[in-house]
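Chain by chain, the residues:
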Amino acid sequence: MDAQSLTYLFVALSFGLYIGIAIWSRAGSTNEFYVAGGGVHPIANGMATAADWMSAASFISMAGIIAFMGYDGAVYLMGWTGGYVILALLLAPYLRKFGQFTVPDFIGTRYYSTTARVVAVICLILISFTYVAGQMRGVGIVFSQFLNIPIFWGVIVGMGIVFMYAVLGGMKGITYTQVAQYCVLIFAYLVPAIFISMLITGIPVPQLGLGAQVADGSGLSVLDKLDQTLTELGFAAYTDGAKSTIDVFAITMALMIGTAGLPHVIVRFFTVPKVSDARKSAGYALIFIALLYTTAPAVGAFARLNFVDTVHNTQYTDVASWFKSWENIGLIGWQDKHQDGRIQYHPGAPFEGKPTFAPERRADGSREVTNAPTASDNEVYVDRDIMVLANPEIAALPDWVIALVAAGSLAAALSTAAGLLLVISTSVSHDLMKKTFAKGLTDKQELFYARLAAVTAIGIAGYLGIDPPGFVAQVVAFAFGLAAASLFPAILLGIFDKRMNREGAIVGMLAGLIFSISYIAYFKFVAPETNNADYWLFGVSPEGIGTVGAVINFALAFIVSRLTAPAPAHVMTLVDNIRIPSGVGNAQDH
Amino acid sequence: MDKNNGSKADTGYWRANLRLLGVLLSIWFIVSFGFGILLVDELNQFSFFGFKLGFWWAQQGSIYVFVALIFAYIHLVQKLDRKFGVSDEDEDPSAEGDA
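Line order of the protein sequences matches chains R and U.
At position 217 of the first sequence the residue is numbered 217 (our numbering), and the sequence of numbers has no breaks.
Every number in our numbering is 590 more than the matching position in the second sequence, counting from 1.
Think of the hints as simulated: they come from the structure by calculation, not from any bench.
Glycine is no exception: its CB is placed at the ideal position from the N, C-alpha and C atoms.
Each hint should be verified, as a subset may be incorrect.
Claimed, not checked - Between beta-carbon pairs, the in silico distance windows are:
#1 398/R <-> 669/U: 45 to 51 Å
#2 533/R <-> 637/U: 41 to 47 Å
#3 605/U <-> 398/R: 56 to 62 Å
#4 573/R <-> 632/U: 48 to 54 Å
#5 573/R <-> 606/U: 39 to 45 Å
#6 679/U <-> 204/R: 38 to 44 Å
#7 187/R <-> 679/U: 32 to 38 Å
#8 445/R <-> 654/U: 25 to 31 Å
#9 669/U <-> 537/R: 41 to 47 Å
#10 530/R <-> 632/U: 29 to 35 Å
#11 669/U <-> 533/R: 43 to 49 Å
#12 153/R <-> 606/U: 55 to 61 Å
#13 573/R <-> 602/U: 40 to 46 Å
#14 606/U <-> 114/R: 34 to 40 Å
Claimed, not checked - Below, simulated DSS-like cross-link-like pairs (lysine-lysine); rule was C-alpha separation at most 30 Å, straight line:
#15 324/R <-> 337/R
#16 354/R <-> 524/R
#17 498/R <-> 673/U
#18 669/U <-> 498/R
#19 439/R <-> 524/R
To be verified - For the chain U half of the interface with chain R, some residues (derived, Cβ under 10 Å), not all of them:
#20 614
#21 618
#22 628
#23 630
#24 634
#25 639
#26 641
#27 642
#28 647
#29 648
#30 653
#31 659
#32 667
#33 671
#34 676
#35 679
Excised from the complex, chain R in its bound form (with noise of 0.2 Å):
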């Protein structure tokens, strides 16, 4: 069988049985259509969360991006970890406790309000569509290259997929799905990973592999080969960052509060058994996380090392296959600006923009690239996100491997964008309907809405994929900021400050919101000639903002809540109650 058939097989089947698991998983009432039941085990729980977690930009982008960042990957990699310690140690096993559906009902019953409700069920609405909308995209992405099935059709049969489990089978269908998908990924991760670790040092583990010496005889390690050649080709130091310390700090803050404030990460610890079970389930999902993510940068560092073997110096007519596959989709671009035949790659841009092609190819087979060139040396754009995908065939991997990565990467998409979609609908049947505009629904009604609003997300999260607005992608990474800088702070002090009231949490959430998005707003589509560190605000980035935006919530919720009256006595036995792990019942409403 070839590549594609196999890769049609894997991906049926895979789909084939999350298709199973929805049918045999329906939810019957909103308790199951929300959490679950309540009684998922911590280790399903942990599987769960992190395949909810990792999503296409994990596992397409990030050792891609780490490839081309070098050391600066490490704010991704930090932050999407870092974040699970606070939530353990900061959130989760209180939510739990508090024992309710969904992140603004907390938010509203700990500050007594239907208006701090109503804020939160907004801040969730914009953070999850904004990062659902990339998912929906790399469900298409993955089907056009692997598949040969246009964009439109694949974000089709993704919102199909997705409608089947997560509209009738809820939390529930989502979750164990989740787990199936979860075995996916990580086993179409680890793969090509181990393959490519053994290729370049012998060495199976990748971890170790990053630090193990080259097996060509050089007796360099890998690290070091990398300084050397890129520093060579007038590159930074691989191992030294490009950003300033102030703004990586800025951004791994930014995102290690947001994954903890992230609302489909959150509920997902509302569907586990008792408060102890709540903090097992987030160390085993850090575990299942840790797993890709210390692979990601051996991945990351592999694969640029094999690119610029592959690439520098070498006759285009020499040049492997798979350069000339992702040529043709447009994905890397060469301009022979020395007009010598052989591809030369340096630092900086080859030409302006993404590249356009003419309708001849040039004598030596090699598309010509319509661009106005830049003054730099280099002459090969490249497509970050193509390094994951690429790797099995840059590696010369079986073809079955190719087709591991293509139905794992359909994992990653799909089994976030079910959880984001799950937060959505929930919020909106739960926490605008059921709790603030229509509060005689029965349970029934209420799933029925629950899966209406499900069916309509999923319809505008499908058009967002299709036809993506031109801010979309650019939006997705900002989902962070927004969840640090509005949601985190008013949850953890609804745990920890016993004085904060009402009025802080609203001033604090609007505050941190409106100032995030206003400076993201600024540098990417008011003045985005002025989007470097020049004009930034301390020097931090768009991308590190949330940090700020973060402790001017935190900083306005102090003042205001002290010069306001306290939260009433019921409000103060409520957080007694959840600062005690016993006494835990089912979620339920109270």
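For this one, chain R is given, so just place chain U on it according to the hints.
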């Protein structure tokens, strides 16, 4: 909510819990923001299993410590729960109501 063990034991538990969180979060901060970011250049002068030490903390070591921290917390806070009689280990979560 009817708690017979009284608010005194609860505040004792809460203080001990905050102390534990303080210690663990300090370690969390030191390995990631300290070793991985603020001190990275100084640590990079040392070599560690083929890595520059600061780089290793930033891209590998901090993640291992994060995992260890959560499991240390699970173990230590469970001990604390038992000491103050607020553990949920023996509870049957399907039974409704407060203990």
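Hint validity - residue 648/U Cβ closer than 10 Å to any chain R Cβ
Hint holds; residue 648/U Cβ to chain R Cβ min 4 Å, cut 10 Å.
Against chain R, is residue 667/U within 10 Å by beta-carbon distance?
At 7 Å from the nearest chain R Cβ, residue 667/U passes the 10 Å test, so the hint holds.
Please verify that hint: residue 653/U, Cβ, nearest Cβ of chain R, below 10 Å or not.
With a minimum Cβ separation of about 5 Å from chain R (threshold 10 Å), the hint on residue 653/U holds.
Using the C-beta atoms of residue 679/U and residue 204/R, is the stated range 38 to 44 Å upheld?
holds (40 Å)
Tell me if the beta carbons of residue 669/U and residue 533/R are separated by a distance inside 43 to 49 Å.
holds (47 Å)
Is the interface hint for residue 676/U satisfied, with its Cβ closer than 10 Å to some Cβ of chain R?
Holds. Min distance 4 Å.
Decide if the proposed pair is consistent with the structure: residue 669/U and residue 498/R, CA atoms, cutoff 30 Å inclusive.
Measuring from Cα to Cα gives roughly 25 Å; hence the hint holds.
Hint validation: residue 618/U versus chain R, beta carbon distance must be below 10 Å. Holds or violated?
Residue 618/U check passes; min Cβ-Cβ to chain R is 5 Å, inside 10 Å.
Residue 614/U as an interface hint toward chain R, with CB separation required under 10 Å
Residue 614/U check passes; min Cβ-Cβ to chain R is 6 Å, inside 10 Å.
Taking only the CA atoms, is the gap from residue 439/R to residue 524/R under or equal to 30 Å?
violated (41 Å)
Given a cut of 10 Å on the nearest C-beta pair, is the interface hint for residue 634/U held or broken against chain R?
holds (7 Å)
Distance restraint hint 39 to 45 Å, applied to the beta-carbon atoms of residue 573/R and residue 606/U:
Violated, since residue 573/R and residue 606/U (Cβ atoms, about 21 Å apart) do not stay within the stated range.
Consistency note: the structure conflicts with the earlier hints numbered 2, 5, 8, 13, 19.
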